[in-house]
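S.K.: Below, each chain spelled out in residue letters.
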Amino acid sequence: MDNPIIKLEGLTKCYGAFKAVNGLDLSINKGEIFGLLGPNGAGKTTTILMMMGLTEPTEGKAHVCGFNATNDPISVKRLVGYMPDSVGFYDNMTALENLMYIGELNGIPRDEVKGRALETMEMVGLEEEAIHKKTAAYSRGMKQRLGLAEVLIKQPQVIILDEPTLGIDPSGVKEFLQLIMKLSREKGLTVLLSSHHLHQVQQVCDRVGIFVKGELLVEGNIDTLSKRLFEEKTYEVNITIEDDVKFPWKDEEEVLKLDFVQHVSAKGQNIAISSSRDVTPDIVRFFVEKEYRVNGVQKKSYGLEDIYQKYFDSNLKKQIDQ
Amino acid sequence: MKAFMNSLEWSSFLTVEGQPKPFWILVRKEIAGHIRSWRFVILLVLIVLTFWGATSVAMGNLREVVAKTKDVDKLFVYLKMLTTTAGTLPPFHVFLNFLGPLLGISLGFDAINSEQQNGTLTRIMAQPVYRDNLLLSKFVSSLILVGALLFSLSLLMIGGGMVITGVLIEIEEVLRIMSFIILCTIYVGFWLGLSILLSIVFKQASTSALTTIGVWLFFTVFYQIVINIAAKTFAPAANEVSQMEMLHFNELILNLLRLAPSQLYTDATTTLLMPSVRSLGPVTMEQMAGAIPSPLPFRESLMIVWPQLCGLIAATLMCFALSYYLFMRREIRT
Numbered sequence: 001m002d003n004p005i006i007k008l009e010g011l012t013k014c015y016g017a018f019k020a021v022n023g024l025d026l027s028i029n030k031g032e033i034f035g036l037l038g039p040n041g042a043g044k045t046t047t048i049l050m051m052m053g054l055t056e057p058t059e060g061k062a063h064v065c066g067f068n069a070t071n072d073p074i075s076v077k078r079l080v081g082y083m084p085d086s087v088g089f090y091d092n093m094t095a096l097e098n099l100m101y102i103g104e105l106n107g108i109p110r111d112e113v114k115g116r117a118l119e120t121m122e123m124v125g126l127e128e129e130a131i132h133k134k135t136a137a138y139s140r141g142m143k144q145r146l147g148l149a150e151v152l153i154k155q156p157q158v159i160i161l162d163e164p165t166l167g168i169d170p171s172g173v174k175e176f177l178q179l180i181m182k183l184s185r186e187k188g189l190t191v192l193l194s195s196h197h198l199h200q201v202q203q204v205c206d207r208v209g210i211f212v213k214g215e216l217l218v219e220g221n222i223d224t225l226s227k228r229l230f231e232e233k234t235y236e237v238n239i240t241i242e243d244d245v246k247f248p249w250k251d252e253e254e255v256l257k258l259d260f261v262q263h264v265s266a267k268g269q270n271i272a273i274s275s276s277r278d279v280t281p282d283i284v285r286f287f288v289e290k291e292y293r294v295n296g297v298q299k300k301s302y303g304l305e306d307i308y309q310k311y312f313d314s315n316l317k318k319q320i321d322q
Numbered sequence: 001m002k003a004f005m006n007s008l009e010w011s012s013f014l015t016v017e018g019q020p021k022p023f024w025i026l027v028r029k030e031i032a033g034h035i036r037s038w039r040f041v042i043l044l045v046l047i048v049l050t051f052w053g054a055t056s057v058a059m060g061n062l063r064e065v066v067a068k069t070k071d072v073d074k075l076f077v078y079l080k081m082l083t084t085t086a087g088t089l090p091p092f093h094v095f096l097n098f099l100g101p102l103l104g105i106s107l108g109f110d111a112i113n114s115e116q117q118n119g120t121l122t123r124i125m126a127q128p129v130y131r132d133n134l135l136l137s138k139f140v141s142s143l144i145l146v147g148a149l150l151f152s153l154s155l156l157m158i159g160g161g162m163v164i165t166g167v168l169i170e171i172e173e174v175l176r177i178m179s180f181i182i183l184c185t186i187y188v189g190f191w192l193g194l195s196i197l198l199s200i201v202f203k204q205a206s207t208s209a210l211t212t213i214g215v216w217l218f219f220t221v222f223y224q225i226v227i228n229i230a231a232k233t234f235a236p237a238a239n240e241v242s243q244m245e246m247l248h249f250n251e252l253i254l255n256l257l258r259l260a261p262s263q264l265y266t267d268a269t270t271t272l273l274m275p276s277v278r279s280l281g282p283v284t285m286e287q288m289a290g291a292i293p294s295p296l297p298f299r300e301s302l303m304i305v306w307p308q309l310c311g312l313i314a315a316t317l318m319c320f321a322l323s324y325y326l327f328m329r330r331e332i333r334t
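Going line by line, the protein sequences match chains V and W.
Per this note's numbering, the first sequence starts with residue 1, numbered consecutively.
Per this note's numbering, the second sequence starts with residue 1, numbered consecutively.
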């Protein structure tokens, strides 16, 4: 635990006056799957490029596998597999040729490279007929798999995937993420994946970091995140009734008089009530007594989506306040 | 053969720890890619046809040319094969004056930007390969290709010539033809360097191709016209100035024209392939007096074209250095 495989210290990148990444501190341990979450343009890709030594940081240091990524990128690239968000291949070569080319660039001897390439393709689930197909004819999902094969052929210690699930259909995403998880567990790989798809990240990551406007707002596993965020927060109940309520709702005052209820908002057939404790039964009883025809009662539970939304909202508000 | 390959791998230039260096893997892939591409096949056909056409015309007229008693170059049969024309087709080296740039441009115009567009650039850069190796491999692989193409063409010509005429080639001719090929390769290299440079500058392959073709057209067509118009405007009237001043003026015009790479190429090839060419500028009567009308030795011809050769190499290197500078500082993300 004390020896992180990726260690970022005060990493900053400016493009002119624009700060793409601002004083990022992060450490990731060996064997962990870390999810870097953030909206588009949050600086995820820039951070990854700095870790790979493909972009020079304006300030700060990035240590990957014990090497300084800025001064010694070649050593880092030997040990780290990186899959960019838009994977492209040489279209005039077959998938196997593409893979063998990358293998050779990583110093795999020529007589071994073919065997290794076939092995890796099998590992990522590329079928027999796909191997000798030109990559121009590949579907997006197959390209992602081939991209993963390319990352794995060098037998890396760390793999960095930039938006690996972009543009694949839902079932493909699930399969792909399970594959990553399986490989990580089997080989003890450290995985860093960036995404703006929360559900997907939720499925596989041990730890996530939420990254907005170049700053890491919060990091930790999903449970701690939601606890920390919502400990003094409210419960929310959504009630749907059959008839529209008129505005202003005549019973609003009375609902507010119930114990623990903090806020009521009514709109159309929906009434949202937030309270500091779980008072759903009281609320339902109130509605029944008032002879509303209740169609549904929904208690909200918090997932990563809400955590994410929460952080974005508070960040937005901060900006407006400024 | 295996032993030979192993002995090759001894040299640390090509390998590191028994493995080929990443640079040579890049070069091999580039060459393979070019050879398989349609555009190279088309250019190859074009050049081979031109070569065949020009040489066969020359072959047909060879008898008359060699029989001319006044011509001091008549003994260089193989050089004659490269330079003789019957008026229907220009000789091969003149053809190459505009086919060469086309070859260079077509091999280099999408070198970097197509990789960037396809998303392969980031992928290659994420491998343990130095960034400059990629650029250098693009340049070197195309030059190897062009060099090999021209070299084999001229060897074919020499072989065919031997079979047809039965005249043994002289060492002087071999040297001249080899240096002609090297010169052509450097000339193509200049256009290659320029097109690679523009492929870094412009994100779209079509923009960089058009721009390079624009530069080429400017130098082949418009540059001469502009210089000639300027010369006419600024030329002193013939009877107002001394002969020396007139000479200087001519020299100046010629030097201005030599800023165009095609002019350098023409100067250099003419001198190399026609041993009787003694000077590239105007020569006074005093200088000509006492000169024996005989072909120059190879060394002397080389001395004459040395500045041209240096100019071409310098221009090529400048393009390459500039593209190097731009590429190393470039953000590679698309």
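Worth flagging that the hints you see were computed from the coordinates, not collected in a lab.
Hints may contain errors.
[What the hints assert, rightly or not] Here are some of the chain W residues that sit facing chain V, going by a computed Cβ distance under 8 Å:
1. I31
2. G33
3. R36
4. A126
5. I332
[Unchecked claim] Capping the alpha-carbon separation at 27 Å, the derived lysine-lysine pairs in DSS-like fashion look like this:
6. V:K257 with V:K290
7. W:K29 with V:K19
8. V:K246 with V:K300
9. W:K68 with V:K143
10. V:K246 with V:K213
11. W:K203 with V:K134
12. V:K133 with W:K29
13. V:K300 with V:K174
14. V:K114 with W:K203
Because the structure is a prediction, the values reported are computed rather than measured.
Note that CB positions come from ideal geometry on N, CA and C, so glycine has one too.
S.K.: Any hints this thing doesn't respect? Which numbers, in order?
M.R.: 1, 7, 9, 10, 14
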